[in-house]
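Undergrad: Residue strings, one per chain:
Protein chains: 10
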Amino acid sequence: MAISAATDLILKAKEKKGLTFAQIAEAAGCSEVYCTAAIYGQQTLNEQQAKAVTDLLELSSEVETKLKTIPFRGTNFSMPPTDPTIYRLYELVLVYGDAIKALIHEKFGDGIMSAIDFKMDLDKEENPHGDRVVITLNGKFLQYKTF
Amino acid sequence: MAISAATDLILKAKEKKGLTFAQIAEAAGCSEVYCTAAIYGQQTLNEQQAKAVTDLLELSSEVETKLKTIPFRGTNFSMPPTDPTIYRLYELVLVYGDAIKALIHEKFGDGIMSAIDFKMDLDKEENPHGDRVVITLNGKFLQYKTF
Amino acid sequence: MAISAATDLILKAKEKKGLTFAQIAEAAGCSEVYCTAAIYGQQTLNEQQAKAVTDLLELSSEVETKLKTIPFRGTNFSMPPTDPTIYRLYELVLVYGDAIKALIHEKFGDGIMSAIDFKMDLDKEENPHGDRVVITLNGKFLQYKTF
Amino acid sequence: MAISAATDLILKAKEKKGLTFAQIAEAAGCSEVYCTAAIYGQQTLNEQQAKAVTDLLELSSEVETKLKTIPFRGTNFSMPPTDPTIYRLYELVLVYGDAIKALIHEKFGDGIMSAIDFKMDLDKEENPHGDRVVITLNGKFLQYKTF
Amino acid sequence: MAISAATDLILKAKEKKGLTFAQIAEAAGCSEVYCTAAIYGQQTLNEQQAKAVTDLLELSSEVETKLKTIPFRGTNFSMPPTDPTIYRLYELVLVYGDAIKALIHEKFGDGIMSAIDFKMDLDKEENPHGDRVVITLNGKFLQYKTF
Amino acid sequence: MAISAATDLILKAKEKKGLTFAQIAEAAGCSEVYCTAAIYGQQTLNEQQAKAVTDLLELSSEVETKLKTIPFRGTNFSMPPTDPTIYRLYELVLVYGDAIKALIHEKFGDGIMSAIDFKMDLDKEENPHGDRVVITLNGKFLQYKTF
Amino acid sequence: MAISAATDLILKAKEKKGLTFAQIAEAAGCSEVYCTAAIYGQQTLNEQQAKAVTDLLELSSEVETKLKTIPFRGTNFSMPPTDPTIYRLYELVLVYGDAIKALIHEKFGDGIMSAIDFKMDLDKEENPHGDRVVITLNGKFLQYKTF
Amino acid sequence: MAISAATDLILKAKEKKGLTFAQIAEAAGCSEVYCTAAIYGQQTLNEQQAKAVTDLLELSSEVETKLKTIPFRGTNFSMPPTDPTIYRLYELVLVYGDAIKALIHEKFGDGIMSAIDFKMDLDKEENPHGDRVVITLNGKFLQYKTF
Amino acid sequence: MAISAATDLILKAKEKKGLTFAQIAEAAGCSEVYCTAAIYGQQTLNEQQAKAVTDLLELSSEVETKLKTIPFRGTNFSMPPTDPTIYRLYELVLVYGDAIKALIHEKFGDGIMSAIDFKMDLDKEENPHGDRVVITLNGKFLQYKTF
Amino acid sequence: MAISAATDLILKAKEKKGLTFAQIAEAAGCSEVYCTAAIYGQQTLNEQQAKAVTDLLELSSEVETKLKTIPFRGTNFSMPPTDPTIYRLYELVLVYGDAIKALIHEKFGDGIMSAIDFKMDLDKEENPHGDRVVITLNGKFLQYKTF
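Residue numbers (this note's numbering), protein chains in the order written: chain A, 1 to 147; chain B, 1 to 147; chain C, 1 to 147; chain D, 1 to 147; chain E, 1 to 147; chain F, 1 to 147; chain G, 1 to 147; chain H, 1 to 147; chain I, 1 to 147; chain J, 1 to 147.
Calculated from the structure, these hints are not laboratory results.
The structure presented is a predicted model; accordingly, all values stated were derived computationally and were not measured.
There's no promise every hint is true.
[What the hints assert, rightly or not] One-sided and incomplete, this derived list gives chain D residues near chain C with beta-carbon spacing under 8 Å:
no. : residue
1   : Leu94
2   : Glu106
3   : Phe108
4   : Ile112
[Said to hold, decoys possible] Straight-line C-alpha distance at most 35 Å; calculated DSBU-like pairs for lysine-lysine:
no. : chain 1 : residue 1 : chain 2 : residue 2
5   : C       : Lys12     : E       : Lys17
6   : D       : Lys119    : D       : Lys51
7   : B       : Lys17     : B       : Lys145
8   : A       : Lys119    : I       : Lys16
[Said to hold, decoys possible] Which chain G residues face chain H? A few, computed with CB under 8 Å, are given here:
no. : residue
9   : Leu19
10  : Glu32
11  : Ile70
12  : Asp98
13  : Lys101
14  : Phe108
15  : Lys140
Glycine residues also receive a C-beta, built at the ideal position from the N, C-alpha and C atoms.
Isolated chain A (complex conformation) (with noise of 0.2 Å):
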């Protein structure tokens, strides 16, 4: 079973059971981003979340696996994203990559955020002008070591 055949079953078990993200993110006792991007094939799941998830779910041990195997990420898609919800967080690399190189130089010095010692919320902000959208983005800054 490749990882994509994985996510499908979730996905479908979850509409067919009218699960939120954030209900299975509950089960599995971890953040609602990173259930989901485990479910994406993106990140993976110990033991107990694994079986968490597929217990709730009702899928069989092979989909449970497949959430606890360290993956080979980055593949969903590819770059530049031609997904228009995608392609906007890839413009904002393009327009505020090089600001956010230099603030975070003048702020911590010359190193770089972790996108590994990680976290990331992604909140519905409500607001009469129109709901917004908020994604925190928090990493350990990690310095450049002299050697």
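Got chain A sorted already, so can you dock chains B, C, D, E, F, G, H, I and J onto it with the hints?
TA: Structure of chains B, C, D, E, F, G, H, I and J alone, referenced to chain A:
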């Protein structure tokens, strides 16, 4: 004068005067990220903001004009970004792109997070295990309209 | 069922029943362009619209489900488009892209024409020197917000 | 003188004199979109039009010559466009390309909308919910000839 | 049935019956190049032509349908072509492209040779120093319209 | 002097003297297409031809030298060509490439049309429905040798 | 049967019978390189050669047919080649390409080494410091014809 | 001085003095191909060789230094090569690449032909049917080591 | 059986038996990195090694054959690698590539580190501040030979 | 002054003074690889290190400033690298990339070897069969954090 030449002059003057992006942004009366993006030729300052910045940095009216000119965005570097600090943002799109898409659709419906009606913050979160970079993306949800 | 399989089934049923896109769109209660885009897996129909289409075409509920599913857009063909009919649109972006940008900025300020809060018509203009294709793009102007 | 140098001189003179593209186009006696495309080196002006533009803007005969020279089109920016204002047009090709192809074929037969025997308008539609950009593409249908 | 499957069936039947493209084209009542392009899924045959071809080759109505379907053109091979026979044509564009452009502009004005209102012949010119391939491209000149 | 600089000087002199490519070719004693290709730095002129061209146009011996120098071909524009006049040729390769390959193989056997032992004409065919561009490609068939 | 399937069957039969490419080539009556290229679907064998190969390897007439079919060349792997053994050849083009071009032009004039009227040998040169691979390319010089 | 500038100076001096690559190589005491590659900035000459070349051509010590400097190889042209003379070599890799790989593995085992412990000759073979270019590649076989 | 299928069978058997790469490598009598590369279809095992691995894992002789077959290397993933664990290696080439080149040239002369006469180790270095990955590359220096 | 200009000045001064990278690194008090990477504009030196380097090489304060400036990394050459010495490193990623990924995951869990908290050595290992290049990569393991 190309916009990149204006960027260079601003960064040199900033260095020489020992100013931070925050201080320049304060003079301009806009946020740190927005002002830095403008300095890198990705956003525009209005009359008053541009004057405040060039007065503070003692730069020519030609630089002031550049800061007010609507730019051709996204040409400072090629994709995928070769610089590790910017690449990590690109990697986040690769790894979390479809999770973000799925969550936006579940929480808001079919549409996107605007990259135009949008704001961004970048903060330093102090942490005994290593300081953290916190970037907040806040964009209006735009629903695909049926027509 | 992949969305492309649903597209194929719809196009075959449409062929067999001798229906036009306009007739299907009328049943769905949306415009011809929107409905055609939905059939090609680029837009979503709501409950009622999807049912109307599959009832008209006597297709399965699986097709109906596909028409309601938010798609991963933009993957039907690669860019630059090799098909001449689509390539001409791409060529218009190449040739008129910066004129359009300049005029939007002059008339509206710094921002974009939304591709989300957007509608499109495609009409036939009869003409003794040869009929003409008239495509009208109508998108909300979105102003870059200072923040 | 490269055509891009002529473009720069025209845009500066236009800025200095406080003229709009519409005013320059009126002097040239052609449409706003056509004239703007010529200024960006994508269309040619005839003897009289070129003279009218350079007279109005008080520019040299070298600029006038450039405006009359048939250009190598499509080289002002690379594809996919990095600038968000132009990218949205590219995205419309991605999302609506095959719907447009299908509708042209259904309404006209096998062929294309000409990008040569073609005209375009760009208008501002005032709207209480936010003004809208209206772009009208009007091209002759060209039928594939059997031979 | 994909168009490539129809192509395969036609080529096999042609092989088995020992027919040439010229003979099939004669049955269809169109030129050899046009008919061959249709067999490769790049042009469409009308009702009568498609029937003549499938009758001659004793093929199913499904193949007949494919020959009448307007194709998504240009997807049989990728560019630059890796096959030497096709590559030489690509090389001619590289080497003679701007000479052709300059001569079209000098002889006709600003515009293009249509690839739609177009016909092509391919002939064998016998020659004691080695036979020669003679390809004639004949397309309507389309003038850029001022608007 | 780069070859592109020589091209520019020749085109300016040609413009100033009001000469056509045909007239320059006549002076050089070669065909119009060949001579134009040489002017664009894609073919070489011999001693006598180069002298005739630069004498006619009253250009320096440096230009004469450039016209005799074997060029690095194919670098005047990138592929796919963005210019519509040249793109149409590229599109013909996409649409008719495998038909041409199939017909060459059927008529001549396994091999190619040479792009080296090759000549090309470009003519204007007057036509009441619109003049037509006629381009004739004539290349020696080269058979793949068994070894 | 795709040509790659025929290649697989031939290589398996060759393995099973313990034959070398040289032995198969001897049966076919052509050179080792030519025969190997034919097995990989890059050259064609004639009636007699194809029969000899499939008789020797006890393979079906379908494989025989494939060996006689003119292939679409160059599609077995993408460029740049990822395999180190093939990459070294690509690297030689990168490093020695313009030296080869300069020497061909100096020794022969303006033209190319034909890749069609061409033969190649690959030999093992025994050497106490390590055996050496010797590849000889032998192609007819083709002069660019003035026309 | 960039290496390409040194190449230009050498080629001009060579032209002016009417020398061949063979004569320059003789002065340098290395082979014609090696010396030509060095002139194109792809190989290095030692102290004595560089001096011999610049003495013969009466060029500056700066050119001499460049000839001794280890270059960043492979940047004189992009791939695929647009020049037909170099493209034919690239095409040989496409068409014969896997045959060469298969024969090297059969004759030598798992490994490569070195492109470093390597030499190349380019000769003219006179032939009544047209002279032939003979290029001999001779590289040490390097076996993949088990570790 | 494709090599990727063999890889899958081996990884599943390894998982099921709870073996490490080190244990499999020990059975094969080669290093951990080499054996893992062979399992991923990038290196070959000899008769005895392949048998040891398939005996240990109780796999078929077809898998054994695959492990002995010289592969077409480098096709498991595309470049740049989308997976973050592999991307970091690619980034090291980007960031340290020319420093490594400069140091190899200074210490050894003009040449390369062989990727064929090469070995690699990957070790875990325990460290109170976080364990470290230590990868040692050890390749023979190959000097460019003058010829 | 661009960083590449600073690199050139440093390399020339190093050449003129006959210094090695090791000697410059000793003056700077950092490792040879780190110092060389800084000279190539890929790492930063601190106040004291930059001063030591420019004092040793008798270079201007402008060079000193460049050495302290955080660079936009990875822009010295394009990928895949055309230079053989650097290409071999790229090839190692292609050939050993997934083996390294598999071993890191087996030994450490899900995560990466940091390219930031990282050090590298390059040594010469003398060997009677040919000296060897030994490159040691040492990076902190970073575990993907569940969130």
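Undergrad: Where does the structure disagree with the numbered hints, that is, which hint numbers, in rising order?
TA: Those not satisfied are hints 7, 9 and 11.
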